[in-house]
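Asks: Sequence:
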Amino acid sequence: MAGRGGVINNTKIGKLTWDGIVPPQCQPNPSIFRLSANLTWVLAHEPLHADIDYNKTNGIGPGMAFANAVLTKDPTIGVGLASGEGPFTETIREAQLGINLPNVQCVDAKGLPLEPDRLHLTTPAQVQLGQMLAHAFLQSLSTPIRTSINSATALSFLASDNFVVGYEF
Numbered sequence: 001m002a003g004r005g006g007v008i009n010n011t012k013i014g015k016l017t018w019d020g021i022v023p024p025q026c027q028p029n030p031s032i033f034r035l036s037a038n039l040t041w042v043l044a045h046e047p048l049h050a051d052i053d054y055n056k057t058n059g060i061g062p063g064m065a066f067a068n069a070v071l072t073k074d075p076t077i078g079v080g081l082a083s084g085e086g087p088f089t090e091t092i093r094e095a096q097l098g099i100n101l102p103n104v105q106c107v108d109a110k111g112l113p114l115e116p117d118r119l120h121l122t123t124p125a126q127v128q129l130g131q132m133l134a135h136a137f138l139q140s141l142s143t144p145i146r147t148s149i150n151s152a153t154a155l156s157f158l159a160s161d162n163f164v165v166g167y168e169f
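For the sequence shown, UniProt numbering assigns the number 1 to the initial residue and increments by one for each residue that follows.
FYI, nobody ran anything at the bench for these hints, they're computed from the structure.
Take these hints with a grain of salt, some might be off.
Simulated DEER-style distance windows between Cβ atoms [stated by the list, open to error]:
id, residue 1, residue 2, range
1, Gly111, Ser140, 20 to 26 Å
2, Asn100, His45, 33 to 39 Å
3, Lys12, Leu114, 22 to 28 Å
4, Val104, Asp74, 19 to 25 Å
5, Thr11, His45, 23 to 29 Å
6, Gln139, Ala37, 31 to 37 Å
7, Arg118, Asp74, 32 to 38 Å
8, Leu119, Asp74, 29 to 35 Å
9, Asp51, Lys73, 25 to 31 Å
10, Leu71, Thr11, 37 to 43 Å
11, Arg118, Leu141, 32 to 38 Å
12, Ala37, Asn10, 22 to 28 Å
13, Gly14, Ser140, 41 to 47 Å
14, Pro30, Pro102, 30 to 36 Å
Within a straight-line C-alpha distance of at most 20 Å, the following computed EDC-like cross-link-like pairs (lysine to aspartate or glutamate) qualify [what the hints assert, rightly or not]:
id, residue 1, residue 2
15, Lys15, Asp53
16, Lys12, Asp117
17, Lys110, Glu94
18, Lys56, Asp117
19, Lys15, Asp51
20, Lys56, Asp19
21, Lys15, Asp117
22, Lys110, Glu90
Glycine is no exception: its CB is placed at the ideal position from the N, C-alpha and C atoms.
Full structure from sequences and hints, please.
Replies: Here it is, written out as structure tokens:
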């Protein structure tokens, strides 16, 4: 999901604008990278989706808060995020919350504060979601995080403003 935290309607120019405020939990870190629109790894910074969702005004999302929170526990971890959205959010949310499989953690973002568009999470909610993701991920580990990124296991997260599901494949 492209973050919309801090995106406001600027009535002076008649457009949505990002307020530019980056919370401490979302600051860049030389250990956090993102895949850019031209498919190269670049240092991650807010707004993460600026070159991907370029037709919209982007702001703060949960990605940087999640990655920074996980890095406090293990500075050698690799974190990947993917997004999902669509018209069947509630049906998908219910199905995902009902999954009972090993190594699957669900983090429910329903009820977190929304922007005035009643669709996107506020900046504080994006930070809270990132920290909730990190907590669920770290709690799901039966052993400490491996320090080698050459593991055969990959962890991925599906996310939208209403639901988040992590799965191991």
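Asks: Would you list, in rising numerical order, the hints stated earlier that this structure does not obey?
Replies: Hint check: nothing fails, all pass.
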